[in-house]
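S.K.: For reference, the chains in residue letters:
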Amino acid sequence: MSSTVHSKRLSLSEWFKTITFYEILVGMKATLSHLLNYRPITLQYPHEKRTLPDNYRGMLALLRYDDGTEKCVGCDLCEAACPSRVIRVVSAEVPGEPTKRYSKEYYMDMTRCLFCGMCVDACPVDALGMTREFEWAVFDKRQLHLNKQQLLAIGDRSFPIREKRLELQHPNVAFFNVPFKHVPPKPN
Amino acid sequence: MSELGLRLAISLTQIGAIMGIVIVTVLLLTLAERKVLGWMQDRMGPMEVGPYGILQPFADAIKLFFKEDIIPAGANKLLFTMAPIICLIPAFIGFAVIPWGPNWTFEIGGITVKPFVISDINIGILYILAFASLGAYGIIIGGWASNSKYSLLGGLRSAAQIISYELNVGLSIIGVIILAGSLSLVTITDAQQGWFWHWYLFALPAPQIFAFGVYVISAVAETNRVPFDLPEAESELVAGFFTEYSGLRFAFFFLAEYANMVLVSCVAAALFLGGWNAPYPGTILELVGLPSLAWIENTMWFAVKTYSFLFLFFWLRATLPRLRYDQLMKFGWKVLLPIALANIVVTSIAVFVTQ
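Going down the list, the sequences are from chains A and B. Under the numbering used here, the very last position in the first sequence is 188; numbers go up by exactly one each time. Under the numbering used here, the very last position in the second sequence is 543; numbers go up by exactly one each time.
Don't take every hint at face value.
To be verified - Partner residues are not named here, just some residues of chain A that face chain B (Cβ under 8 angstroms, in silico):
id: 1; residue: L10
id: 2; residue: S11
id: 3; residue: L12
id: 4; residue: S13
id: 5; residue: Y22
id: 6; residue: M28
id: 7; residue: T31
id: 8; residue: R39
id: 9; residue: L77
id: 10; residue: A80
id: 11; residue: S158
id: 12; residue: P160
id: 13; residue: I161
Unchecked claim - Simulated crosslink set (DMTMM-like; lysine to aspartate or glutamate; CA at most 25 angstroms straight-line):
id: 14; chain 1: B; residue 1: K518; chain 2: A; residue 2: E23
id: 15; chain 1: B; residue 1: K302; chain 2: B; residue 2: E354
id: 16; chain 1: A; residue 1: K104; chain 2: A; residue 2: D121
id: 17; chain 1: B; residue 1: K518; chain 2: A; residue 2: E14
id: 18; chain 1: B; residue 1: K522; chain 2: A; residue 2: E23
id: 19; chain 1: A; residue 1: K17; chain 2: B; residue 2: E191
id: 20; chain 1: A; residue 1: K100; chain 2: A; residue 2: E133
id: 21; chain 1: A; residue 1: K104; chain 2: A; residue 2: D76
id: 22; chain 1: A; residue 1: K148; chain 2: A; residue 2: E70
id: 23; chain 1: B; residue 1: K223; chain 2: A; residue 2: D76
id: 24; chain 1: A; residue 1: K29; chain 2: B; residue 2: E221
id: 25; chain 1: A; residue 1: K148; chain 2: A; residue 2: E135
id: 26; chain 1: A; residue 1: K49; chain 2: A; residue 2: D66
id: 27; chain 1: A; residue 1: K100; chain 2: A; residue 2: E14
id: 28; chain 1: A; residue 1: K49; chain 2: A; residue 2: E105
id: 29; chain 1: A; residue 1: K164; chain 2: A; residue 2: D67
id: 30; chain 1: A; residue 1: K148; chain 2: A; residue 2: E105
id: 31; chain 1: A; residue 1: K49; chain 2: B; residue 2: D514
id: 32; chain 1: A; residue 1: K29; chain 2: B; residue 2: E474
id: 33; chain 1: B; residue 1: K522; chain 2: A; residue 2: E14
id: 34; chain 1: B; residue 1: K223; chain 2: B; residue 2: D257
id: 35; chain 1: A; residue 1: K49; chain 2: B; residue 2: D230
id: 36; chain 1: B; residue 1: K522; chain 2: B; residue 2: E354
id: 37; chain 1: A; residue 1: K141; chain 2: A; residue 2: E163
id: 38; chain 1: B; residue 1: K255; chain 2: B; residue 2: E221
id: 39; chain 1: A; residue 1: K104; chain 2: A; residue 2: E79
The hints are simulated quantities; they were obtained by calculation from the structure and are not laboratory data. A virtual CB, placed ideally from N, CA and C, is assigned to each residue, including glycine.
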């Protein structure tokens, strides 16, 4: 229809196609061929699930070292990085160790999270991780307001293999175990 | 039992049987439509209720029966309540004159009974056309009484559409009526016995192929199906004339639409495709020595023709987008109407010359 301007005279073949419903017949042949070569592309979701890609960004979680201590040092960088203000960190000194800090409270309002992964990138100690969980539909929205214990529990069940605490790290120092390889060396 | 009582009992039995068959067919159609549409669009259709979703119609029916029945605050309560019934009754009443098996008669207690047609009245097809037009009242009244702009628009569209295409249905049928010389569907079907080239679609003095085309298109338009589903255009009018309906009343409209589809398919099978006649003379069961069971074969042929017509409805729905309103009107009045009129002229001349 779009190929022919209405005022233009139809050629004989176009006119013949019009009166025999040629285009409609072509379309009906297409649908019939799909019916005969029935190969559904949908999955019956709760019964069968897609394989997720390797870099899938799902539910956020807090991680621990292999000795069970929390990785988080309460630096607030995730809170600063978050574009939708999901994260709220209340940082505090570790009692008796004035050089070391930890997150006393850690809240994530997952109703707002857009799973961009910027908090994970921002974390200097790799304390945040993105799991492959995505089935988080709940009846009460307040259940998506997660606290530190819940986030640690998600991390425990999603990342059973934990990172070792670095041997060089003094237990009293908040050690930033990021390899600074990506930073270009100073020109001499 | 008096003769009247006996006749009443037999008629009620027949009516019950036909109603049962039609309602079962409608249940089947709701599932078949979703399945066929799904398969044509590389989906699976309903899969959850029962194995491969075959119990879905029952789940739908239970849901519709138990849903809350809402009447909008500004609605005209009487008309709002009546509209689904006005829509439903004409859809079912047409089945009274459809012959779905051979034209047999037998005697019980002094009265003759035709087991395969409820009532063989001599104005059969006229009766169906008359009642099919009454169904439009249900839609218009339902649209108006809902006190909603979408419903009203849907109802008005439906009024214009059904009036336009009703005319084409009537005119396309006239060729068949001229050939058969009768309005009774039983007589028309009987006249198409023998090989399949005796069907009025191919019958010799004047093959009704163009009339059949006009009938098919107009029938799709008359039952408000895609691509002529302007009265209930989802993308523009929410749901058209039954936007405000819910629960059982909505189920009535739904049932009426599908019953109309079945009725239109039955009429097409009876008028153009030889009705219950097999595409070969007689029946196979008669040849192998079971003449008392020949009706099964005939009924099956009727079912096959009706269901293939119904499949065409689904097929069109899976393929075509909706027409614009002016395209619909232009197509009805400027294309289909002249074809139907020309068909009448050609058929009349052919019949006059050959007789």
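S.K.: Hint by hint, say whether it matches the structure.
M.R.: Going down the list of hints, with the structure as the test:
The interface hint given for L10/A is broken, as the beta carbon of that residue sits about 15 angstroms from the closest beta carbon of chain B, more than 8 angstroms. The beta carbon of S11/A is not positioned within 8 angstroms of any beta carbon in chain B (closest approach about 20 angstroms), and the interface hint is therefore violated. Contact between L12/A and chain B, as hinted, is not supported at the beta carbon level, the nearest pair being about 19 angstroms apart and thus beyond 8 angstroms. Taking 8 angstroms as the C-beta contact cut-off toward chain B, the hint placing S13/A at the interface is violated, the least distance being around 19 angstroms.
Taken as an interface hint, Y22/A does not check out: its beta carbon lies about 13 angstroms from the nearest beta carbon of chain B, beyond 8 angstroms. At about 5 angstroms, the closest approach between the beta carbon of M28/A and any beta carbon in chain B falls short of 8 angstroms, and the interface hint on this residue holds. This hint holds: T31/A has a C-beta 4 angstroms from the nearest C-beta of chain B, less than the 8 angstroms allowed. About 7 angstroms separates the beta-carbon of R39/A from the nearest beta-carbon of chain B, less than 8 angstroms, and the hint is met.
Taking 8 angstroms as the C-beta contact cut-off toward chain B, the hint placing L77/A at the interface is violated, the least distance being around 46 angstroms. Interface hint at A80/A: violated, since its Cβ lies 45 angstroms from the closest Cβ of chain B, which is beyond the 8 angstroms cut-off. For S158/A, the interface hint is violated, since its Cβ never comes within 8 angstroms of a Cβ in chain B; the closest pair sits about 30 angstroms apart. The beta carbon of P160/A comes no nearer than 34 angstroms to any beta carbon in chain B, farther than 8 angstroms, and the hint placing it at the interface is violated.
A hinted interface residue such as I161/A counts as satisfied when its beta carbon comes closer than 8 angstroms to some beta carbon of chain B; here the least separation is about 38 angstroms, so the hint is violated. Proposed proximity of K518/B and E23/A is supported: the alpha carbons are some 19 angstroms apart, at most 25 angstroms. Under the criterion of a C-alpha separation no larger than 25 angstroms, the hint pairing K302/B with E354/B is inconsistent with the structure, at around 30 angstroms. A C-alpha spacing of about 22 angstroms is found between K104/A and D121/A, which places the hinted pair at or below 25 angstroms, so the restraint holds.
Restraint check for K518/B and E14/A: the C-alpha separation of about 19 angstroms stays at or below 25 angstroms, so the hint holds. A threshold of 25 angstroms between alpha carbons decides the hint, and for K522/B with E23/A the separation of about 20 angstroms falls inside it, so the pair holds. Taken as a hint, the K17/A and E191/B pair is broken in the structure, with Cα atoms around 61 angstroms apart against an allowance of 25 angstroms. Simply put, K100/A and E133/A have alpha-carbon atoms about 32 angstroms apart, too far for the 25 angstroms limit, and the pair is violated.
For the hint linking K104/A to D76/A, the alpha-carbon distance of about 12 angstroms falls within 25 angstroms, and the restraint holds. In summary, the hint linking K148/A to E70/A is supported, as the alpha carbons are separated by about 10 angstroms, within the 25 angstroms threshold. Between K223/B and D76/A the alpha-carbon distance is near 54 angstroms, which puts this suggested pair outside the 25 angstroms criterion. Restraint check for K29/A and E221/B: satisfied, since their Cα atoms lie roughly 18 angstroms apart, inside the 25 angstroms limit.
Between K148/A and E135/A the CA atoms are separated by roughly 20 angstroms; this keeps the pair inside 25 angstroms, and the hint holds. As the CA atoms of K49/A and D66/A are separated by approximately 31 angstroms, the hinted pair breaks the 25 angstroms bound. Of the supplied pair hints, the one linking K100/A and E14/A is violated, its CA atoms being roughly 82 angstroms apart against a limit of 25 angstroms. Our distance criterion of 25 angstroms between C-alpha atoms is broken by K49/A and E105/A, whose separation comes to about 35 angstroms.
About 8 angstroms separates the Cα atoms of K164/A and D67/A, which keeps this hinted pair within 25 angstroms; it holds. Between K148/A and E105/A the alpha-carbon distance is near 6 angstroms, which keeps this suggested pair within the 25 angstroms criterion. Between K49/A and D514/B, the direct Cα distance comes to roughly 46 angstroms. Violation of the 25 angstroms bound is thereby established for this hinted pair. Under the criterion of a C-alpha separation no larger than 25 angstroms, the hint pairing K29/A with E474/B is inconsistent with the structure, at around 38 angstroms.
Annotation: proposed proximity of K522/B to E14/A holds, straight-line Cα distance about 19 angstroms (limit 25 angstroms). Straight-line distance between C-alpha atoms of K223/B and D257/B comes to about 28 angstroms, which puts the hinted pair past the 25 angstroms bound. Of the pairs offered as hints, the one joining K49/A and D230/B holds, with about 18 angstroms between alpha carbons and a cut-off of 25 angstroms not exceeded. Straight-line distance between C-alpha atoms of K522/B and E354/B comes to about 15 angstroms, which keeps the hinted pair within the 25 angstroms bound.
Only pairs whose Cα atoms come within 25 angstroms are accepted, and K141/A paired with E163/A is rejected, the gap being roughly 33 angstroms. For the hint linking K255/B to E221/B, the alpha-carbon distance of about 23 angstroms falls within 25 angstroms, and the restraint holds. The hinted pair formed by K104/A and E79/A meets the criterion: a straight-line CA distance of about 14 angstroms does not exceed 25 angstroms.
Consistency note: the structure conflicts with the earlier hints numbered 1, 2, 3, 4, 5, 9, 10, 11, 12, 13, 15, 19, 20, 23, 26, 27, 28, 31, 32, 34, 37.
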